[in-house]
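Chains R and G, in that order, give the protein sequences. With UniProt numbering as the guide, the letters of the first sequence map in order to residues 1 to 626. With UniProt numbering as the guide, the letters of the second sequence map in order to residues 1 to 626.
Any given hint might turn out to be false.
Same chains, same label: a pair holds when it works inside one copy or across any pair of copies.
What the hints assert, rightly or not - When the alpha-carbon atoms are kept at most 30 Å apart in a straight line, the in silico BS3-like pairs for lysine-lysine are as follows:
1) Lys-291 to Lys-586
2) Lys-140 to Lys-447
3) Lys-612 to Lys-310
4) Lys-560 to Lys-194
5) Lys-447 to Lys-554
6) Lys-554 to Lys-104
7) Lys-136 to Lys-291
Worth flagging that the hints you see were computed from the coordinates, not collected in a lab. In this text the structure is predicted, and so the values were computed from the model without any measurement.
Protein chains: 2
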Amino acid sequence: MGSDAAMSPKITVELLRQLRQAMRNTKYIAEPIQAYIVPSGDAHQSEYIAPCDCRREFICGFNGSAGTAIVTEKHAAMWTDGRYFLQASQQMDNNWTLMKMGLKETLSQEDWLISVLPENSTVGVDPWIIAADQWKNMSKALASAGHSLVAVQDNLIDAIWMDRPTRPSTQLLTLGLGFTGLTWQDKMTALRSKMAERKISWFVATALDEIAWLFNLRGSDIEYNPVFFAYAIVGMNTIRLFVDIKRLAVPTVREHLQLDTPSKVELSIQTAPYESVFTELQAVCASLGPKEKVWISDKASCALMQVIAKAHRSPIPYTPLCLAKAVKNATEIQGMKMAHIKDAVALCELFAWLEKEIPKGTVTEISAADKAEELRSQQKDFVGLSFPSISSVGPNGAIIHYRPLPETNRTLSLNEIYLLDSGAQYIDGTTDVTRTMHFGSPSAYEKETFTYVLKGHIAVSAAIFPNGTKGHLLDSFARQALWDSGLDYLHGTGHGVGCFLNVHEGPCGISYKTFADEPLEAGMIVSDEPGYYEDGLFGIRIENVVLVVPAKPKYNYRNKGSLTFEPLTLVPIQAKMVNTDLLTQKERDWVNEYHRQCRETIGAELERQGRKEAMDWLIRETQPIA
Amino acid sequence: MGSDAAMSPKITVELLRQLRQAMRNTKYIAEPIQAYIVPSGDAHQSEYIAPCDCRREFICGFNGSAGTAIVTEKHAAMWTDGRYFLQASQQMDNNWTLMKMGLKETLSQEDWLISVLPENSTVGVDPWIIAADQWKNMSKALASAGHSLVAVQDNLIDAIWMDRPTRPSTQLLTLGLGFTGLTWQDKMTALRSKMAERKISWFVATALDEIAWLFNLRGSDIEYNPVFFAYAIVGMNTIRLFVDIKRLAVPTVREHLQLDTPSKVELSIQTAPYESVFTELQAVCASLGPKEKVWISDKASCALMQVIAKAHRSPIPYTPLCLAKAVKNATEIQGMKMAHIKDAVALCELFAWLEKEIPKGTVTEISAADKAEELRSQQKDFVGLSFPSISSVGPNGAIIHYRPLPETNRTLSLNEIYLLDSGAQYIDGTTDVTRTMHFGSPSAYEKETFTYVLKGHIAVSAAIFPNGTKGHLLDSFARQALWDSGLDYLHGTGHGVGCFLNVHEGPCGISYKTFADEPLEAGMIVSDEPGYYEDGLFGIRIENVVLVVPAKPKYNYRNKGSLTFEPLTLVPIQAKMVNTDLLTQKERDWVNEYHRQCRETIGAELERQGRKEAMDWLIRETQPIA
């Protein structure tokens, strides 16, 4: 029952009227504001957010993971990137202008505001939702054009959002050494030694995944991301954890955090309500000595950043927790490997099942995604999905972050390409894998473009590069084969992946955007996922999660050492989609060696689990290509 | 008469004593300063500088093109990059610490200062010599550690430099339409329309090459760079040119600039002495309306930047002149092609001569460079070299920006690799070419590494990439073959090249450093020069100047269009150095097609000039490889 019908846009006439009324309402602001910015994130700059924080979606209808809405008295515009152009244009009504980021002709938010605002305008934003670095840039740009950016304490979306959900407070899960490799006490000690090294007295942790990692705790406050709403403030002898206090009533949690029997005074945790972080940070800052410095992420909320006087503030692009968390220890690597083996078992089963079921015409994007989730959930220590499955047939595959809805749901067939980008959270690790398959006979053009994408995938995966190389320097390797034919894709090539944490994490990645990525190091884990998208026809993406490992090439220039990648994802890449004439011998060897590993490692686990049909499928799909 | 003797270091004990005395002398500063920064550049942030501006060389002895010296009461340190590590360590005595930029363990200037300075120190710098953006960063970093950066109006190096040369004021050369393609009046109109577009009232031109380009004038104040000391201030109806007034007495210059008979009032140039720019800019700024904005490069001197009140200041990383100058027009492209043909003729002659002379044992690095200059000088419209020739034999080749001196001068032989990186200024264009040759039998290792470098050179030169791609995204293509074998080189892959202007120019380039390079556009001209350097043994570099041109691959994704490079340099690449087994068929085809073009284009000119020996050499060196 596939359908070409577009997602229907949200009708926003009335909401925009109400928001504009609120922008003039002295209940919220002393003077009317001429524009109101609605950023995407929550107070922790999370990528995925809880329903109560989906304010940008509420006002404009677009529910992708990245986008900023700005409403002025006359205009309403929403900025998002190439992954979401199609989706956003389908979800927003014509009160909204889609601002396509990355295109030359698209104005930045600042330039657009300057172009539409009357002289001496005031632009408002919720200081808890905007990151400090964004506030700074926006404020400066507006000031240079005679406007001003002001903090509006009451969130104006919340003011007009009648049935806004409450903030979740789920049960906390404690993780032992067998999963984390390091106690939270050891992590705290390592953090403090980094602080001492840089003469820092206090560190304010605001990112939810960093807090979860630091305390070896997990939650389920945000769908797909096993985190919980919290803040932490760490001093050399103090640890303050801000979290809904009733979550700490559970004995296992109290014991894990040693709340009742702290071993050492400097490892005793003082707990306080989530909301009290503002006043507590004020208190900490009020007692600072003249030379004392406070570390805080420059992506922390403007509200918290501004609590710290400039003289004491030391904002950093990546916190020591972010950097430590990115380099996985041996236990975490082992867990990630196990998680990927289980995940591959589920996918082999899925693809074997699809092969059998598709000819019946009964499998849809939604039912295929559901089946994948069901099969994953049978695996040990499964917790949930790591992001909404992108299960897309034919033209839906060209919507890069597509999510099937009843009104867009297409049926899998022998005639169209099927793209499945999905992953799961297991207690031992997080997965994220994309495979693009054809269950009938792919066209020459589909095979050609698939092969270019595969060449790009291999070029990154097999790349050897010096220690200290930043991931963005590898991005062009993924595009070279496409570029040679005049093709490209409008997204980055890879992102960091957490270990039973967020499926997207910093500070490393592989992208043409030159953000301040940290050099790749052995133990880091990233995705390798080039693609090609033909609007209205199909989408192709081949994604593995890969581990950065030492390489041993012939020479060792200046004893710097070299690195390469080892695939953790072990799911066959469909040979039927490959035009082998376009591959070099080295590339063919890579495919065959990869399939040999799939067969060996996943085959053993399929055998252990007695999953015969998937085993047969695996054997067939891992035949060497010529 | 080759010699392994290192360059002897400059003895700086007495100079440092005098400088430290000046740092405490109330004749120059109200309060003693604890550190003094000596940047590399002049008041225009020129890369190459006049002898009167070689202050960093004067104080530490290191004469490379990039480096900053800092002297404190107890320490003296000098920062430079990988090209110069060896050279700097040879030219500086042990009063100096070499700070190797780009290595992980090397402190930045700011961090180093913070680590060595006593509390509440004052750091001085000449505000005319430090760029505004560097001042800002340095000032902020020092302030955050309780120190302060102060402007010292009298340059303290000048104060102790007894025989400092005077500022040059050479004759100006006027360029007609046949060389520039655009009159200075047209360039002025284009500049003003960019200003109007961005609502800018005034533009302050401070970069010498931008001023030369804007006025279609050239000078020879700085060796190798055909520029002259000047500033310009352009308003919508005003043009002010600040230059040594006696240079304007020449009738051709007066006529070119229409000084006596301006065609239109808004194109009438008011001239004023070079030194008066400060007071004139003060006068302009004093009369600004409340909303008026002044464009100035963020690399302009701190002294000039600070004349403009913050409310009026609009600093930009690349000026509209820099951007316009980078995209060469048809006349300039034609000129650059002609210049490269003449340059290739001279080099073919040189290499034919070297082949004959080297066996006699009479050719040295210096005499080979001299011969190259002599042969170039025989070509039409030759003006001079575009940079000091890097003529290096064997181990000297590993010093990336080596310049032969009598005490380092090696003899060319049949046993060692010879690397010649040289170029010239012709009135129609600027050249820059590197060839690495062996006149005997290269070792397998020399051939292997040469071939990796060649593969990198080809990978960039033959790259096809989407319109709008920034040059830094191509850098890794140049390194891939080296990285695969664990090798690398510690410099960027390419720089912009001026047209009868500076051999290094912005805003585009090809580098692993993610500076704010502008996207590549058809008409831009850059170098492609990967290398490999084995300390103490040899250096390899293969450099062509290449023109960005439209490419026509099979597809055209989103109608964006594609670009590639066309080599302007047409000098054979020595086949003897190539291990053809390591090349792909595509790479072999590239080499053969390149050599076919060399033979066709340079052959015709050699024939026209009746240069038979060079012609024979060209024919031999451009035989197809198998």
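Evaluated hints:
1. Lys-291 to Lys-586: Classified as neither: same-chain Cα gap 58 Å, cross-chain 62 Å, threshold 30 Å.
2. Lys-140 to Lys-447: neither (49 Å within a copy, 55 Å between copies)
3. Lys-612 to Lys-310: Answer is neither; intra-copy 64 Å and inter-copy 73 Å both fail.
4. Lys-560 to Lys-194: Result: close within a single copy only, 24 Å intra versus 47 Å inter.
5. Lys-447 to Lys-554: Result: close only across copies, 15 Å inter versus 35 Å intra.
6. Lys-554 to Lys-104: Between copies, since 24 Å is at most 30 Å while 43 Å is not.
7. Lys-136 to Lys-291: Classified as both; 24 Å inside a copy, 22 Å across copies.
The structure fails hints 1, 2 and 3 (numbered hints given earlier, in ascending order).
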